[in-house]
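J.: Sequence:
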Amino acid sequence: MRKYLPLAASVLLLAACSEKPGYEITGTVSNADLNGQYVYLYEYGNPDVLPFDSALVENNAFKFKGTQDGSFLATIQFSTDVVPQERGKATPYKTTFTLENGKLTVNLDSMSAVTGTPANDAEKALKEKINPFTEEMSKLSEAFRSEDKSIADAAEKKYDELSDKITQVICNYILEHMDQKMSAKYLYDNRYNLSEEQQNQILSQADSSFKSVPGINQMVAHLEVLKNVAVGKKFIDFEMADPKGEMHKLSEYVGNGKIVLIDFWASWCPPCRKETPHLVELYKQYKNKGFEIVGISLDSKADAWAKGVKDLNITWTQLSDLKGWQNAGAALYGVNSIPHTLLVDKDGTIIAKNIHGEEINAKLVEALNTGK
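For the sequence shown, position 41 matches number 41 in our numbering, and the numbering has no gaps at all.
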């Protein structure tokens, strides 16, 4: 009998070695009211696809186990009937993370966290770098409401500085983890904060796995559009109606011997309305010195557009097709956030993009004095 033991042991060892390593997710939920509810595991970016696993929350805890090849982005969340999602707000008790083989620990809370594997630990380290900045930003809310303009302006400047620091930390994280799909998600989620140059730098190093993350293909297509309207390129012409319904080509105003600011805006856009008084003063000062503005409105209602023009004392040319974000001119110029500006030289060459406030003043004075 004894002589067969080594053979039996070797068979068990081979069986153990042939088993594929898997993942084990040990989760906790901070809200006791969610006991007795199911939490679901989805593939990220496919909210309409059924979850591939579910777990019952008992004693504020749940567990998932499985086996897979490689890694991918996944989301853990409750049914929207249990934990509603509000547009524009982070959903509590929900997290997107890198699902890879190993022992993962998940804490579902108002701000959820996942740890236990290299990719998830790297993202946790990123969040820890960002947190001090976000905490400092939250403390500025009272200063924003100050009736003392100098205090409010100082708070806004500080907020922008902190935002820039966060953006740089995120950019560094992405570039240091180009082999992780979570980096691609951070690129997409922060596309409005990362500059065109930063986005191109990142995507030039991206492989097919990185580009397979939802949203990245749209970013690539958007950047291709932006290449057609880069600084140094000629403006692209289009035709659109003014508030009276009369059709005009952009070329009636641009490329005819004046420095022109093309201003994509909308009456419903708070940052646009905040910027407009500065443009009003700038236009008064330079309209008889070779400067023109053409506003391209992303409004969808004619009356709201007309009211915005009147209330803001806008006296320069206004054009719109009243299609909101589907504005044909905005599509040609790759506009995905407003206000969005382009400064165009006398011959129709784009000389600056997305400049605001004092940046416009400086660039305009330079262009009027040099012709560039």
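To be clear, the hints were calculated from the coordinates, so they are not data collected in a lab. Treat the numbers as computed from the prediction; the structure is a model and nothing was measured. Check before you lean on any hint, since a few could be wrong.
What follows is a set of in silico ranges between Cβ atoms, one per label pair, in the way DEER data are often shown [said to hold, decoys possible]:
no., residue 1, residue 2, range
1, ARG145, GLY88, 19 to 27 Å
2, HIS356, GLY88, 17 to 25 Å
3, ASN217, GLN326, 16 to 24 Å
4, VAL231, ALA61, 29 to 37 Å
5, ARG145, THR349, 21 to 29 Å
6, ASP179, VAL280, 46 to 54 Å
7, ASN361, GLY88, 26 to 34 Å
8, GLU43, LYS249, 45 to 53 Å
Straight-line Cα separation of at most 27 Å, DSSO-like style, residue types lysine-lysine; simulated pairs [unchecked claim]:
no., residue 1, residue 2
9, LYS307, LYS234
10, LYS124, LYS227
11, LYS244, LYS301
12, LYS244, LYS158
For each residue, glycine too, the CB sits at the ideal point set by N, CA and C.
J.: State for each hint whether it applies.
T.: How the hints compare with the structure:
no.: 1; hint: ARG145 to GLY88: 19 to 27 Å; result: 20 Å, holds
no.: 2; hint: HIS356 to GLY88: 17 to 25 Å; result: 23 Å, holds
no.: 3; hint: ASN217 to GLN326: 16 to 24 Å; result: 20 Å, holds
no.: 4; hint: VAL231 to ALA61: 29 to 37 Å; result: 55 Å, violated
no.: 5; hint: ARG145 to THR349: 21 to 29 Å; result: 43 Å, violated
no.: 6; hint: ASP179 to VAL280: 46 to 54 Å; result: 50 Å, holds
no.: 7; hint: ASN361 to GLY88: 26 to 34 Å; result: 33 Å, holds
no.: 8; hint: GLU43 to LYS249: 45 to 53 Å; result: 47 Å, holds
no.: 9; hint: LYS307 to LYS234; result: 33 Å, violated
no.: 10; hint: LYS124 to LYS227; result: 35 Å, violated
no.: 11; hint: LYS244 to LYS301; result: 13 Å, holds
no.: 12; hint: LYS244 to LYS158; result: 42 Å, violated
In the structure shown, a violation is registered for the earlier hints numbered 4, 5, 9, 10 and 12, in ascending order.
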